[in-house]
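Take the sequence shown: its letter number 271 is residue 271 in the numbering used here, and every next letter is one higher.
Calculated directly from the structure, the hints in this document are not laboratory data. This structure is a prediction, so every number in the text was calculated from the model and none was measured. Note that CB positions come from ideal geometry on N, CA and C, so glycine has one too. Some hints could be false.
No more than 16 Å apart at the CA atoms, straight line, and that leaves these computed lysine to aspartate or glutamate pairs for EDC-like [claimed, not checked]:
#1 K92 - D57
#2 K200 - D251
#3 K221 - E157
#4 K92 - D60
#5 K221 - E151
#6 K200 - D176
#7 K221 - D31
#8 K24 - D216
#9 K13 - E151
#10 K24 - D251
#11 K221 - D155
#12 K221 - E17
#13 K29 - D167
#14 K172 - D197
#15 K200 - D169
#16 K179 - E135
#17 K221 - D251
#18 K24 - D57
So the derived label-pair ranges between C-beta atoms look like this [as the list claims (entries may be wrong)]:
#19 G158 - G78: 38 to 46 Å
#20 Q39 - N72: 19 to 27 Å
#21 V238 - A122: 41 to 49 Å
#22 N21 - G158: 17 to 25 Å
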Amino acid sequence: MAAGSSNNEDPQKVLDETFNNPTKISSGKLDISLDGSVQGQQSGSFNASLNGPFQTDPNDPTAFPQFDLTANVSGSQGGPSISFNGSVIATKDNAYVEYQNQAYEVGTQLFQQFAQAYAQAAQQNQAQKGQNFFEQFGIDPSTWLTNVTNEGTTDVEGTDSIHIHGDADVGKILSDLQKASQQAGGTTQQITPQQLDQVKSAVKQASIDVYSGTSDHLLRKLSLALQVTPPAGSGATVSNVNLTFSITLSDVNQSQTITAPSNPKPISGLLQQLGIPGLPGIGGSTGGFNVPGAGSSGGAGSSSYQNCVAQAKSQSDIQRCLQQL
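Use the sequences and the hints to build the structure in full.
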């Protein structure tokens, strides 16, 4: 498709083809960011980001994904500012957490348990083969935009992309996200029509920008901007809230190499540092995670977890199994 012709493409068609693209994104570099500011008696600002490469096996959807993602969080609100950064890494056979320039390993035994649980959940979803993430929850993000326009082409991390702009249908987005949470086994309460009207009236401006590759119509970037003003008389201590959220994908479907960090320590040390000592299944002397039969005092908890995972039929079931640890 010639880039020049992209300016004339129907914006709704571009959205439909982007969010219902049969080509799956199996690897690339991810960049998620959330920025916000609050004005009023309690003014403040914050920003958070998560970025790094990821690699899945396009031929085996049950294989645990590899990734090297770094999180950064900062903010301030009148008092002292906050700041945090850390990384989580998953290779083919282990997982790691990096905090304060030190890597900690989960351990191959526990990692294999998580990988097996992931594979079991993926196999349970084989009945939905061919559906993308949104379709599994009955969601079509192309319906989240109204008054859509084609803003022409622009560069997104080195890829020519069609820029589609539209107003955000806040009611539709909230309903869809609630539906997804409920189907995933969450405990989200039903939003009443009155609550939905209150939220919609508080959102003064809401827009969505979608950037789709000109040659393949694969998603390259999605951004959401919100301006929220609490209603008068609500007693809110803030007068205005501005939020921007974006997801950017680069090097799409290009092979990524994920490597283990150097000189990792047992993750039990990090948990103790954070004030979470003595979790079942974590060996202090060996520094790794113990599994049943390995002599750990937490074997009963690990056994309950393992039995729970064996019977799990969905991702939500697996999440509940974590309570057994």
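Here is how each hint holds up against the structure:
no.: 1; hint: K92 - D57; in the structure: holds, 11 Å
no.: 2; hint: K200 - D251; in the structure: violated, 37 Å
no.: 3; hint: K221 - E157; in the structure: holds, 10 Å
no.: 4; hint: K92 - D60; in the structure: holds, 13 Å
no.: 5; hint: K221 - E151; in the structure: holds, 14 Å
no.: 6; hint: K200 - D176; in the structure: holds, 15 Å
no.: 7; hint: K221 - D31; in the structure: holds, 9 Å
no.: 8; hint: K24 - D216; in the structure: holds, 11 Å
no.: 9; hint: K13 - E151; in the structure: holds, 14 Å
no.: 10; hint: K24 - D251; in the structure: holds, 14 Å
no.: 11; hint: K221 - D155; in the structure: holds, 11 Å
no.: 12; hint: K221 - E17; in the structure: holds, 15 Å
no.: 13; hint: K29 - D167; in the structure: violated, 27 Å
no.: 14; hint: K172 - D197; in the structure: holds, 12 Å
no.: 15; hint: K200 - D169; in the structure: holds, 9 Å
no.: 16; hint: K179 - E135; in the structure: holds, 12 Å
no.: 17; hint: K221 - D251; in the structure: holds, 12 Å
no.: 18; hint: K24 - D57; in the structure: holds, 11 Å
no.: 19; hint: G158 - G78: 38 to 46 Å; in the structure: holds, 41 Å
no.: 20; hint: Q39 - N72: 19 to 27 Å; in the structure: holds, 24 Å
no.: 21; hint: V238 - A122: 41 to 49 Å; in the structure: holds, 42 Å
no.: 22; hint: N21 - G158: 17 to 25 Å; in the structure: holds, 19 Å
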